[in-house]
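Participant: In case you want the letters, here they are:
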Amino acid sequence: MKDLIKQGSRLGLIFGVVIIFLILFGLTTTLSDILGEFVNIESRTRTGNPAGLMIFFAILSLWAGSKSTSADRSNFKSALISGVSVSLIIALIISALILLVGYLDSIDVSMRDYLAQLDHLSVSFLLYGRELAAGVLITFGIFFVFGILGALLSYWYETKKVGEAIQKQAFILKDKALDSKLAKRYIEHPRAKWIGYGLLGLVILLTPQFLGKYWNYAMGTVGIYVLMGLGLNIVVGLAGLLDLGYVAFFAIGAYTMGLLTTPAPIALQLGFWPVLILSIVFAAFAGILLGIPVLRMRGDYLAIVTLGFGEIIRVLIRSDMMAPYLGGPQGVRDIAGPSLFGLSISSEKSYLYLIIMGILLTILFTNYLQNSRVGRAWMAMREDETVAQAMGINTLYYKLMAFATGAAFAGLGGALFAARNQYTGPADHTLMVSINVLSLLIVGGMGSVPGVIIGAFVLKGLPEILRELELYRLLVFGGLLVYMMIIRPEGIWPAPRRMMELHADEGDGIPPEEGLVGEEG
Amino acid sequence: MSILETRGVTKRFGGLSAVDNVTIQIPEGSIYAIIGPNGAGKTTLYNCITGFYPSDEGDMLFQGKSLVGLSPDRITKKGISRTYQNIRLFPAMTAIENILVGAHPRLKSNWLDAILHTPRQRAEEKEALKKAQELLDFVGLKGKGDLFARNLPYGAQRRLEMARALANDPKIILLDEPTAGMNPNESVVMMRFIENLRDELGITILLIEHDMKVVMGISEFIYVLDFGQLIAKGTPGEIQKNPQVIESYLGRGAAGSA
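The listed protein sequences derive, respectively, from chains A and B. The working numbering puts the first sequence at residues 1 to 521. The working numbering puts the second sequence at residues 1001 to 1258.
Same shape as in the complex, but just chain A (with noise of 0.2 angstroms):
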């Protein structure tokens, strides 16, 4: 007993303190509008809707009562007491926190000075436009309710076994479907494999079609991050090289494409087509010569080298020398679409069909190579660097190309990146771009391309999709990068090699040079 409500205690610490900082970022504010838009709740004061706050408190109280029974959830009163004290302690907490707050605000101490987040309005919204006593009472209500009430359902799910009943229901129909004549037909057939790619295939060819104007525009820079995460992914996922300076090479690209096809600063002006080959031609090339001083490098060495080229790039792009070449912190306007079969590419929809034949070429690409003598030779090369070497692989020559192929496809999202949005400037190709696209290869999962594009869709649509978390964004990112390293260390969709690698030690608990001999011993 005095263990339960010691542990659940601690509990309602852990959550009172995470409800205190979700608060003070302001972060409250966005998520309940976010909230009330969802159950059509009209907001009545200017800074959020405080019907979408009491459900995002409900909510929150609800998780920390189904949490505090994870000790014994089949025990009523255990059950009972852990969710009464974890509730009590969080209501306390926020309770305390919003009188503080209103009681502050009412003897009008400003503390926007030191929290920017809380204003009068938004102190009001925390009190849901009430007097302080009817506000602070709410809010203890609510916490305090909802966090037994979290405590009961779990045990109510656990008791009931409502979790297994679940599942076995959906073992049976998924049996059932599997056993009914269409999908044997289906399944057994021998093309069905071609079947699967070709209904993919008409989704993604229809899809646009059916997507806003901002929609495909937002999904086009989704393609591209695909784009650069399949590069990347050659590099860091196949290669072992970690390399923080990706950017460098989308600028690359980008700048290429922009130079090359406007009439300033540079009267070139050639089309399209040869210069997307030119734009990925020369950031292979960069890659090469990026590669040449760091190939004796390795680990964190090499982070730190590559992340200097990117800055150099920036900084060079940026820089008032190179403005008559390079265009200066303005970059570069006015980049001409191309043409296609005599159509000419220009709306968001058709760019994102570029973006989306471009991502398709390099699954295609990346595929080969990896199960090529290439994607071994820089396997080994991530396995045992020395070794490879003396398997007869020129580890100099496999890491240079590497780099040039990583950075090829780099080059091309640049070029269309920019080509797209007509316009290419230094604050394109900020550090954020790296991380960003190294983010979206931990999240989705390091060596697969269903994970590089799921990453991306987490990392770059998601903040779309959730357009008033905007600001929030790189708290949910890190957040984010430090759950899935806790939970998933592979990622959400990783490739099967790496799942194995992650969790070979799970399988049998006994490495495997324990388990000695061979079997004519």
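These aren't lab readings, by the way, just hints derived from the structure by calculation. You can trust all of the hints, since none of them are fake.
List time: in silico DSSO-like cross-link candidates among lysine-lysine, alpha-carbon distance up to 30 angstroms: (1) A:Lys67 / A:Lys6; (2) A:Lys2 / A:Lys67; (3) B:Lys1144 / A:Lys193; (4) A:Lys193 / B:Lys1126; (5) B:Lys1142 / B:Lys1131; (6) A:Lys193 / B:Lys1130; (7) B:Lys1077 / B:Lys1065; (8) B:Lys1142 / B:Lys1108.
Which bits of chain B does chain A cover? Going by a derived footprint, with three or more residues having C-beta under 8 angstroms, they are: (9) 1071 to 1081; (10) 1110 to 1123.
Positions of the beta carbon are idealized from the N, C-alpha and C atoms, including for glycine.
Starting from the structure of chain A, add chain B where the hints point.
Facilitator: Just chain B, lined up with the frame of chain A:
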């Protein structure tokens, strides 16, 4: 004619000469052994031959041509393979992939072939895979091709390492304690296996070994190293009778284990 030859090879680490003026000659198609107490410089000599360490003095000849100054990959391409004392497979690659990496110098397709998936590349891959399967069978790992190297049992890892070393059709293979960690039965199997390599594939064998039964059982000629210096050479019979060897190696070894 000797296929591999060292002439006065010396390797120093600071003031210590790990390998000191060592001259050996390995005739083609033979099984030769290098023995010596721990720290005698046997593996260092291997590392010099395979280009891991640059040697400080002397010359190393493979088929009459000098190996000095060549990088490890160039030396491997000439037809010298090796295995390692502490197994060094690519742990997160499958057994068959390990062998295919070993076949790297033998294969010709470049990155352009790979990207374009040319018929030439596909044919080569198919052939390479077939040969890798054969090698896998040859070392007794049939059906284990898709397992990760790190998940194989110890003995199987040793044999996989050997299959990998064989994949590039070497002319000579340098084995570093091939029977380390094996029981007497397994050692006998390994001995037969090594003899097979020479008899069936015609590969010259140089081995470092501590197990005297193995050394005396299969090698035709033995070099003895101590403190980096060559202290004796001869047939197994001569070495067993050599007083200097008995004193500095066998004697001390016996004392150490007693």
